[in-house]
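Student: Line by line, the protein sequences give chains R and X. The first sequence begins at 1 in this note's numbering and counts up by one. The second sequence begins at 1 in this note's numbering and counts up by one.
Honestly, the hints are just simulated from the structure, not real lab data. Note that the coordinates shown come from a computational prediction; the quantities given were computed from them, not determined experimentally. Possibly wrong hints are sitting among the right ones.
Below, in silico cross-link-like pairs of lysine to aspartate or glutamate (DMTMM-like), each with a Cα-Cα straight-line distance of 25 Å or less [as the list claims (entries may be wrong)]: (1) X:Lys300 to X:Glu244; (2) X:Lys300 to R:Glu266; (3) X:Lys236 to R:Glu63; (4) X:Lys291 to R:Glu18; (5) X:Lys291 to R:Glu16; (6) X:Lys236 to X:Asp295; (7) X:Lys236 to R:Glu16; (8) R:Lys267 to X:Glu122; (9) R:Lys37 to X:Glu34; (10) X:Lys236 to X:Asp252; (11) X:Lys290 to X:Glu271; (12) X:Lys291 to X:Asp155; (13) X:Lys291 to X:Asp252; (14) X:Lys260 to X:Glu272; (15) X:Lys300 to X:Glu273; (16) R:Lys270 to X:Glu139.
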Amino acid sequence: MKTSGETIRSSRFRLERESDWLRLQAILDQAERRGVKSLAFEDARDLVTLYRQAVNALSVAREISLDSAIVAYLESLCARAYLVVYAPRASIRGVVSRFFRQGAPLAFRRSGIELVLAFVLMVLGGVAAFALTRTDPTWFYAFVPEGLAAGRGPQASADALRRVIYDSEPGAIEELGAFATYLFSHNTRVAIFSFVLGILACVPSALLMLYNGSVIGALGAIYADKGLGLDLFAWLSIHGVTELSAIAIATAGGFRLGRAVLFPGEKTRKAALADAAHDAVKLAVLAALMLVAAGLLEGFARQLVTAPVWRIAIGWSIGALWFFWLLGAGRQKGFVRSRPVATEATS
Amino acid sequence: MSAETATVKSGTVKGGRSGKAKAGGRLLTIIPPEGVPFDLRIASLFARAGAQIIDIIITVGVSLLLLAAVGLIGSVDFATATAIASLIFLFIGTPYYILAELLANGRTPGKRLLGIRAVSVEGGGLSVHQIVVRNLLKEIEIFTPILLLLGATPDNLLIPLIALAWLIVVVAFPAFTAQSQRIGDLIAGTAVIAAPSAALLPDLASAPAPPSAERFVFTPAQMDLYGAYELQVLEKLLRGERNEINRPRLSDVAMRIRHKIGYEETIAPHEEEAFLQAFYTAQRGYLEQKKLFGDARADKHYGSEHSGAD
C-alpha cells in the first residue's frame, strides 16, 4: 500500500486552503498591531469571509485530519480572527452620548422606588439626629466622627462655627481645604460602600444612608442652636444638593442589586443580579460623575461665593438641572417602562 | 457509546487532550456564533499580576504628574496632598482601564505588553457593559482596600485589618474559580486569556521524502496495530529538533515499531528517520481512511474497547 502527501485526504485539504489561512494570518497580524482601521479595503472586506472559511476548515479538519499541528494552528487562527471580528465596535463618543442621552436617565427613572427609599432614609436619619441633638447636645458625638467634626461641636463658639462657613480668617482656608477634601473622599467612600454593600440584601446600604443623614442632622442641630441654621443650609446647599443626591443615587443602585437578591422573581438569583446590574452600574457611573461635579463646586464655587442667598440659589438650581436632565432626557414615542428585550444582548 | 464520545472532538485525541489541559494551564471553551467551539488558554495569574503592575505604574505616574501640577498652583500640606492624590488616582484609574479596554478590544497597555486580553466567556464580543462592570469592580475589589491600607493609622486598626482580609480573599479568589476569574470577571461574565498564537507547521506527510523512503511499504495488517494517539506521539517526535537526546530516542522508536509490526528488513541507522517518516505517512493515510468510513481509532487499544462494549 502506497501513500504520500498527494493521496492523503487531509494533506490535499490543507494544500487547497493554506494560502487563504496565511492571508488571514497576515491580516490579523496587522489588525492586532495597528487596529482594524489600518486595514486596506480588500483586507477589511475579506476578513469576515476568510474567518468563516477558517472556522469551517477547523470543523472539517477535526473530523478528517489526524495531523495535530494543523488542528492546533487552525484553532489558534480561528480564535485570533474571532477576537478581531467580534470586537466591541462602539466608539467612545457613541458610548458617552448614549449614556447621557438615554442610559443614565432611563436607568434613573427605572429605579424610582429605590431612589425615593434612599432619600427618605437619609431625611429620616437627619430628622432623628436633629431632634436628638437638640434635646441633648452630647448626642452630637455619637453621630459625627472626630475627623469630620474638625473642631465643630456643641462647645464651639458661634464665632468659630461662623468662621468655618465663611473663611473669614486666612488661616482657616487651609484647614477648610483639608476638610473639604476629607468630606469629599469620605462621601465618595460612603457612595462606594453603599453601592457595593447593597448586594447584601440592602441592609448595610440602608444603615449607611441613615447614618449619613444623621451626620448632617447633628451638625444642623449645633448650628441651629447658635442661630446659624440658614448659613449652614446655604453652605451645604451649594455642593450638598449634588453630593447628597449622588450618594442617594449610588445607594439606589445598591438597592437595585439587593432587590434582585431578595426578590429574584422567576429568574435565578444570578440572572436577576446580572439583569439588575445593567441599571445599577449606570447609576454608579452617574453617581461618580455627580461626585466629581460636587467636588468642583466644593473646591471652587463655595470658596468664591460667600453670600448665603447665592450659595442657595446656585446649589439648588444645579440640583434642578440634574433633575430635569434625569427626568426629561431619553423620552421616546411610546414611553419605555422596562428595558426592551431586543437591546438586552447589545447594551 | 464510548467510541462515539471518543470521536466527538477527534482532531485531537482524548488522552492527549487532558494532558494538554494539564500542561498548558486552564482552558476556556468558547462557542462563537458560527457554532464551532475552540479552546483558549487562560492567562496565568503571574501574567495578570504583571499587567496590573504595569497599568498601576502608568496611572500612578499620570496621577503624580497631576499632583505635581496641583502642588505648583498652591502649596498644600501633607494631609490634603494625600487626600487629593487618592482622589486623582480614583478618578484616573477606572476611566483609564475602561477606555483602554474599549479602544484596544480588552487589552490595557499592561495586558498588551504581556500578551493577555479580556474576553467574554459566552461567544460574542466583549460588550461595553461588561468592560464597565469588570473595571468598576476592580476599583472596589483592589484599589479601595489598598487605599484604605495606605491610609491606616496606628490608633484605628480595625478598618485596615478588614481591608487586608478582603484583599487576601480577592487575590486568592481566582485560584478557586474554573477559569481563574476574579469577582469582577465572574459578575461581568468575562475571563482573561493568553492571546492565541501558533505558527503553521509544515505538513509531515507532504514533506519531500528521501528517495530511500520509497522502498518502505507496509501492509494493512501492520498498520492495524496503532491508533491516532500513537500517530500523534510519533508526529511530535518527528517535529522535534534533532539533537543528542532525540537521536537515540528516534532509533529506539524505530526499533520498537519494527518489532511490533513485524517488519522483516533490518534498518540501517542512517535510514531510521526515513523509515519513521514513511511509516507516519502510511499510518496517517490508513487511519484517516478508516475514520472516514466510521472506524475511528483513538489509540492502540481500540479493539479491546470495542469487544468490551459489545
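Student: Please go over all the hints and tell whether each is borne out by the structure.
Tutor: Tested hints:
1. Between the alpha carbons of Lys300 (chain X) and Glu244 (chain X) the distance comes to roughly 29 Å, so the proposed pair goes past 25 Å and is violated.
2. For a cut-off of 25 Å, the pair hint linking Lys300 (chain X) to Glu266 (chain R) is broken: about 51 Å separates their Cα positions.
3. Under the criterion of a C-alpha separation no larger than 25 Å, the hint pairing Lys236 (chain X) with Glu63 (chain R) is consistent with the structure, at around 20 Å.
4. A distance of roughly 23 Å separates the Cα atoms of Lys291 (chain X) and Glu18 (chain R); the hinted pair therefore holds under the 25 Å criterion.
5. Our distance criterion of 25 Å between C-alpha atoms is met by Lys291 (chain X) and Glu16 (chain R), whose separation comes to about 21 Å.
6. Between the alpha carbons of Lys236 (chain X) and Asp295 (chain X) the distance comes to roughly 23 Å, so the proposed pair stays at or under 25 Å and holds.
7. Restraint check: the Cα-Cα separation between Lys236 (chain X) and Glu16 (chain R) comes to about 24 Å, which is no more than 25 Å; the hinted pair holds.
8. Of the supplied pair hints, the one linking Lys267 (chain R) and Glu122 (chain X) holds, its CA atoms being roughly 19 Å apart against a limit of 25 Å.
9. Restraint check for Lys37 (chain R) and Glu34 (chain X): satisfied, since their Cα atoms lie roughly 24 Å apart, inside the 25 Å limit.
10. With a CA separation close to 15 Å, the supplied pair Lys236 (chain X) and Asp252 (chain X) stays within the 25 Å bound.
11. Taking the CA atoms of Lys290 (chain X) and Glu271 (chain X), the gap is near 28 Å; set against the 25 Å cutoff, the hint is violated.
12. A C-alpha spacing of about 74 Å is found between Lys291 (chain X) and Asp155 (chain X), which places the hinted pair above 25 Å, so the restraint is violated.
13. Distance hint between Lys291 (chain X) and Asp252 (chain X) is unfulfilled; the C-alpha atoms sit about 29 Å from each other, more than 25 Å.
14. For the hint linking Lys260 (chain X) to Glu272 (chain X), the alpha-carbon distance of about 15 Å falls within 25 Å, and the restraint holds.
15. Restraint check: the Cα-Cα separation between Lys300 (chain X) and Glu273 (chain X) comes to about 22 Å, which is no more than 25 Å; the hinted pair holds.
16. Annotation: proposed proximity of Lys270 (chain R) to Glu139 (chain X) holds, straight-line Cα distance about 22 Å (limit 25 Å).
Hints 1, 2, 11, 12 and 13, counting from the list given before, are not met by this structure.
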